[in-house]
Structure formats: C-alpha cells, structure tokens
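K.L.:
Chain by chain, the residues:
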Amino acid sequence: MDPTIIAIAVFLFTYALIMSERIHRAVAALLGASLLLMLNVVPWENVPDYLDLNTIFLLTGMMIIVNTARKSGLFEYIAIKTAKMAKGSPIKILLLFSFVTALVSSFLDNVTTVLLLTPMLLYVTNLMELDPVPFLLAEIFASNIGGTATLIGDPPNIMIGSAAGLTFNDFLMNMAPIAFIDLLLAFVFIYLFYRKDLKVSSEKEEKLNLILNRMDEKEAIKDLILFEKSVTVIMIVVVLFFIHDKLNIEPAVVAMFGASLLLLWSKESPEEVFEKIEWPALFFFGGLFIVVGGLVQTGVIESIAERIVDYVHTDSQALVLITWFSAFSSAVVDNIPLTATMIPLIKAMGAFFNTRPLWWALSLGACLGGNGTAIGASANVVVIGIAEREKIKISFIDFLKVGMIIMILTVAAGVGILWIRYIGV
Amino acid sequence: MSIFSTIINRRFKHIAGNRYEKILKSYKEFFLTEEEISLPVIKSILMPIDRSVKTVPEEIYDALSACEDAEVTVVYIMSEDACALIRQTLGEEASKEFRLKEEEIGRELLEKIVLSLENSGLKVRTRMFLGNKSEDVIKLSKERDLLVISRIYGSEITKTTSISPIVMKIVQHVNIPVMVY
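Those sequence lines, one after another, are chains A and B. Per our numbering: the first sequence = residues 24 to 448. Per our numbering: the second sequence = residues 5 to 185.
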C-alpha cells in the first residue's frame, strides 16, 4: 500500500479518535504512532527527527516545578490573597481574577491554573449570591489569553518556539502586548455583556469582606520552607528564561535545571514528584509528533504547502490565512495536534514567505482559537467540568454566544497588531 | 445527561484526572461552612472578671465596639468557696476582711473596664456577687449572645494548657460564641 495513503489514513484516524474522546487522547496518539512505525511509514531511525525533545523536556521540567510548588500551598495562597484584595466588589473580583489567571497562565500551564483558582472563585461568588457564569467565563478567556503571552504559557507556543527557534523574549515582545490588549478587550466585553449580573448590595459586599478577612492566606502555606524555595526557584527560572538566548541554552534546559534545583534544594521525594508528572500528556505529544512526522516523511505536508502557495501570493495573505484557519480550527479540534500539523506546513512555506509573522499568526490562532467554543481548549473543559460538578450549567450555546465573539475580537486585534508590525499600514 | 455533558465529563477526566478532588480537599480547610458563615447577632455580652484579670487588651474594646447597640454585663465574681474556706480555717473576721478586700479590688477593676467600654460606645451593666466562678458564668451565659473571658480568669494558667482550668470548663459548657483574650 502507498505509504502516503497510510500516513493520511492514520493521521485522520488518530484525529478522529482524539476528537471523539472515546479513548484517551494519549492512547490515540500512541496507537497512530505505533501503526506508522510498524508499517515502516516512519522509519525507526527517523524518529529523533520528528520527536521534539525540547517541547517534551520543557513540559516535563515545568510539571516538576509546578507539582513541587503546589505542595507548599503557593497557589491557594495566591487565590485567597486575590479574593481578599477584591474587597467584596464584583467588578474587582472579575478584574483581579482575570488578571491573576492570565499572569499565572502565562508562566504555568492553563489547566493547573484554572484547577487551582476556580474553587476560590466559586466560593466567593456563592458567598455574594452572584451568578458565577460571567466569572468562570472570564477566567477561561483570561487563561487562554494569558497563555498566548509567553513561550511557556501554552503548549502550542512551546512547540512553535522549539520548531522556529524563537526565544522567550521574542514571544514577550510579539505576543505579550497582544495578550495584554486582548485581556482588556475580553474584560470590557464580559463586563458589558453581564453588567446587570455584577451588582450586589453593600451588605453583601460587607458580608463577603468579613468572611474573607477571617481567612488567613498564610494558613494556606502548608510548608513555609518549601514555599520560599519554590518561589525562589520559580523566580530563577523566569530570569533564566529572559536570558536563555544570551546564555545560548534552550528553554527546555532552563526548565530541567529549575526542576532539578528545586528537587535538590527541597529534598522532596523524587518518586512522589515524578509520579505526579502528567505522563499521558507527554506520551500524547510524543505520539502526535510521530503521526505528523508520517505526513512530513511521505511529502504530504510539502504538497499541501505547494497548493497553498498556488492560491496565496503575499505575506499578508498568508498571515491572515494562517491566523484565521488556525483560530477556527482550534475552536473545534485540540490546538496541540493542530499546531503539530501546522508547524511543518509553515516550515515548508518558508521557501515562499517570510515565516516569522506566520509563527506569530499560528500562535495567535492556536491559543486564542480555543476561546471560540466550550471544547476549544483544555481550560474551557476543566472550568465547565468543575461548574457541572457544582451544579452550574454552562451550555455549549451559552458559551458559543460569548466565546465566539471574544475569539473573533481578540484574534482580529492580534492580526491587526501583527499586520502593522510586519506588513505595514 | 446531554451529549455535551458527556463529552465534557469524559474530556475532564482525561485532562484533570482526580486533581480537582485533591485541590478541593485542600481548600476545604479554608472554606467556612454555612454555619460558620452565618454571623451571630450580638445584643448582649457577658464579661466575667476577677482579681486574676488585671487588664483587658485594647483589641477587645475595638472588637466589641463593632457590636452596635449591644449591652455588656461585666460581672465580678468573688469565690464563695474561698470565703467559706477562710471562715472555717481563720475565722469569721478574716473571712469578712477578705471579702471587703475583694470588693475593693472588684470596684476598682469594674470602674476601669466600664469606662473603657463606655468610651467604645457600649451600654454597660455591672454586677458583683459571691458565687461559683465557673457555674455562675455558665448559668449567666445562657441568656447572652457572646462571652468575653480572660484566659487567666479564675486561676493561673498551667504549664500544660494556655487557659486556666476554670476557663477550660466554661468554654466546654457554654453554647454561645466565646472570645478568649
């Protein structure tokens, strides 16, 4: 059988399995990868070419740091402190939680961020007898927008950074301003859309204040020494990310250094910490790289790139196409397989276009596209899943009405900024 | 369950596993229960004192000043058992002398505390009587909304506990909120 047809069939089969969620996405990706290896569509000796170790080690390092820091109570501390700072005002709660979610998401993974902040947000809205939906939606959008801002904020950015050799500062210079403007846009939109639901009596504000003041954020710190060590290591890692290009070290090395430093310094049991690494996510990435590698190996990606070039003639057209295609696709399919597929495509388009703005276009579309639908990003699924467990209903349509507008607004703003920067007015 | 809920739950399980339950468990220590959230209405406060209580910290006056329109009953209880013991061992005269001395200390202390409470905008009533330091406080607290008590009320604190045995007994038997200073 023609290896090209096998590669396309396995790719589509894997995508279908991932989308159906009938089996775990990691199993789907591993199954696809092993089929391609068994049928020799991807020769074993070529596996290292497709397996992006930079992405896998960066994710592993950050998972170790986050899981060790989590034990200290650092994130509960942040959540309680944020709630107290809002002083019972619904608008301040919306603003502060959005800002903190975006900030934490820009350095840590979105799922961990929303898992840790949502319980506090629900508790606060419950105390104020407010509809939690606007707050939960704002948290989702902020998490996806915050993740866009940095190299380590969202897996698509890690993959793009690794494939294109983009540095932490490149992302900071190009994507952080867009993320900041998008965060403001999302906040204003949520406020205008739900402003009637954001009003409470002064008695309720006072009641919340009294209750929150009885909570001591310092009590959230389960292990003060580990807390201090975790904060120190996270700061060292962030500083190293800022200068990794000058030191000529890969971001993955920074993350692994931070992880080993924290393990060494904290004396936490490595068995316990390694057990908490999200192995399914890492195997999902590994499998996907090989499945997409099958398309590269058989020349499918190159043919698609040539076809695109037949219709797209300028950098500006390519910028718009990549952004909106990846945004709408990300709203429907997981942005990780989408990015894994788009990366070799953009590389293949490199012979005809300036790829630099195209990488940013992909990052913009892949990260912000997730805001479009309820199943567009992992953070959406986690927050809606938590809401379901707490008997709060957010239907697919409810989400779509707000999410699609936010997605279009934020992506359009991002494209506008990239256009001004790379194409010119 | 709708198709959407099924998909969300399946994906949630794949992405988050059982992490949410673990996080929720760690938050439970901080989230107050419904019972804890309901703030009690404080209209009457009982504040027992005795010769062990030399001063009341300023923070207590500040905290009590938040209970608008509340009436504070400051009671100075002289130990009936101590008087009886002195009477039996040293005679009637010594017992009388002890009681007079106690009353003098009580009056001085009551005056000082009443002044501070009134300056905090609270209505104050005072009582001084011979009685049982723990039983009478437990009895009086039944008609009050809050008990404010010094940790050294009744006797000195021991090496093993940070509150006196009398206060320990009181806090174990009253059914109203207690502020121990």
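Do not take every clue at face value.
As the list claims (entries may be wrong) - Here are some chain A residues pointing at chain B (derived, C-beta under 10 angstroms):
{"no.": "1", "residue": "S57"}
{"no.": "2", "residue": "R93"}
{"no.": "3", "residue": "I103"}
{"no.": "4", "residue": "P142"}
{"no.": "5", "residue": "Y146"}
{"no.": "6", "residue": "A243"}
{"no.": "7", "residue": "D246"}
{"no.": "8", "residue": "K290"}
{"no.": "9", "residue": "S292"}
{"no.": "10", "residue": "F351"}
{"no.": "11", "residue": "A435"}
{"no.": "12", "residue": "G439"}
Unchecked claim - Calculated lysine-lysine pairs in the PhoX-like style (CA-CA distance at most 25 angstroms, straight line):
{"no.": "13", "chain 1": "B", "residue 1": "K47", "chain 2": "A", "residue 2": "K94"}
{"no.": "14", "chain 1": "A", "residue 1": "K416", "chain 2": "A", "residue 2": "K227"}
{"no.": "15", "chain 1": "B", "residue 1": "K32", "chain 2": "A", "residue 2": "K299"}
{"no.": "16", "chain 1": "A", "residue 1": "K245", "chain 2": "B", "residue 2": "K26"}
{"no.": "17", "chain 1": "A", "residue 1": "K227", "chain 2": "B", "residue 2": "K58"}
{"no.": "18", "chain 1": "A", "residue 1": "K299", "chain 2": "B", "residue 2": "K47"}
{"no.": "19", "chain 1": "B", "residue 1": "K26", "chain 2": "A", "residue 2": "K414"}
{"no.": "20", "chain 1": "B", "residue 1": "K26", "chain 2": "A", "residue 2": "K107"}
{"no.": "21", "chain 1": "A", "residue 1": "K290", "chain 2": "B", "residue 2": "K26"}
{"no.": "22", "chain 1": "A", "residue 1": "K222", "chain 2": "A", "residue 2": "K115"}
{"no.": "23", "chain 1": "A", "residue 1": "K416", "chain 2": "B", "residue 2": "K26"}
{"no.": "24", "chain 1": "A", "residue 1": "K299", "chain 2": "A", "residue 2": "K107"}
{"no.": "25", "chain 1": "B", "residue 1": "K47", "chain 2": "A", "residue 2": "K414"}
{"no.": "26", "chain 1": "B", "residue 1": "K32", "chain 2": "A", "residue 2": "K414"}
{"no.": "27", "chain 1": "A", "residue 1": "K252", "chain 2": "B", "residue 2": "K26"}
{"no.": "28", "chain 1": "B", "residue 1": "K47", "chain 2": "A", "residue 2": "K230"}
Simulated from the structure, these hints should not be mistaken for lab results. Glycine is no exception: its CB is placed at the ideal position from the N, C-alpha and C atoms.
K.L.:
Next item in the hint list is A435 (chain A). Is there a CB on chain B closer than 10 angstroms to its CB?
P.N.:
violated (27 angstroms)
K.L.:
Are the Cα positions of K299 (chain A) and K107 (chain A) separated by 25 angstroms at most?
P.N.:
Status violated; Cα separation ~30 angstroms.
K.L.:
Classify the hint on S57 (chain A) as holds or violated, based on whether any CB of chain B lies nearer than 10 angstroms to its CB.
P.N.:
violated (19 angstroms)
K.L.:
Compare the distance between the alpha carbons of K290 (chain A) and K26 (chain B) with 25 angstroms, and conclude whether the hinted pair is satisfied.
P.N.:
Holds, at roughly 22 angstroms.
K.L.:
For K222 (chain A) and K115 (chain A), compute the direct alpha-carbon distance and say whether it is at most 25 angstroms.
P.N.:
Roughly 11 angstroms between the alpha carbons, so the hint for K222 (chain A) and K115 (chain A) holds.
K.L.:
Would you check the hint for K47 (chain B) and K414 (chain A), treating anything up to 25 angstroms between C-alpha atoms as holding?
P.N.:
violated (38 angstroms)
K.L.:
Holds or violated: are the alpha carbons of K227 (chain A) and K58 (chain B) at most 25 angstroms from each other?
P.N.:
Violated, because 39 angstroms separates the two Cα atoms, which is more than 25 angstroms.
K.L.:
Compare the distance between the alpha carbons of K32 (chain B) and K299 (chain A) with 25 angstroms, and conclude whether the hinted pair is satisfied.
P.N.:
Within the cut-off at roughly 22 angstroms; holds.
K.L.:
Starting from K252 (chain A), check that the Cα of K26 (chain B) is at most 25 angstroms away, please.
P.N.:
The given pair, whose Cα atoms are some 23 angstroms apart, holds under the 25 angstroms limit.
K.L.:
With a cut-off of 25 angstroms on the C-alpha distance, tell me whether K416 (chain A) and K227 (chain A) pass.
P.N.:
holds (24 angstroms)
K.L.:
Restraint: F351 (chain A) near chain B, CB-CB cut 10 angstroms. Satisfied or not?
P.N.:
Status violated, d = 19 angstroms.
K.L.:
Holds or violated: K416 (chain A) and K26 (chain B), Cα atoms, limit 25 angstroms.
P.N.:
holds (23 angstroms)
In this structure, the earlier hints numbered 1, 7, 8, 9, 10, 11, 12, 13, 17, 18, 24 and 25 are contradicted, and the remaining ones agree with it.
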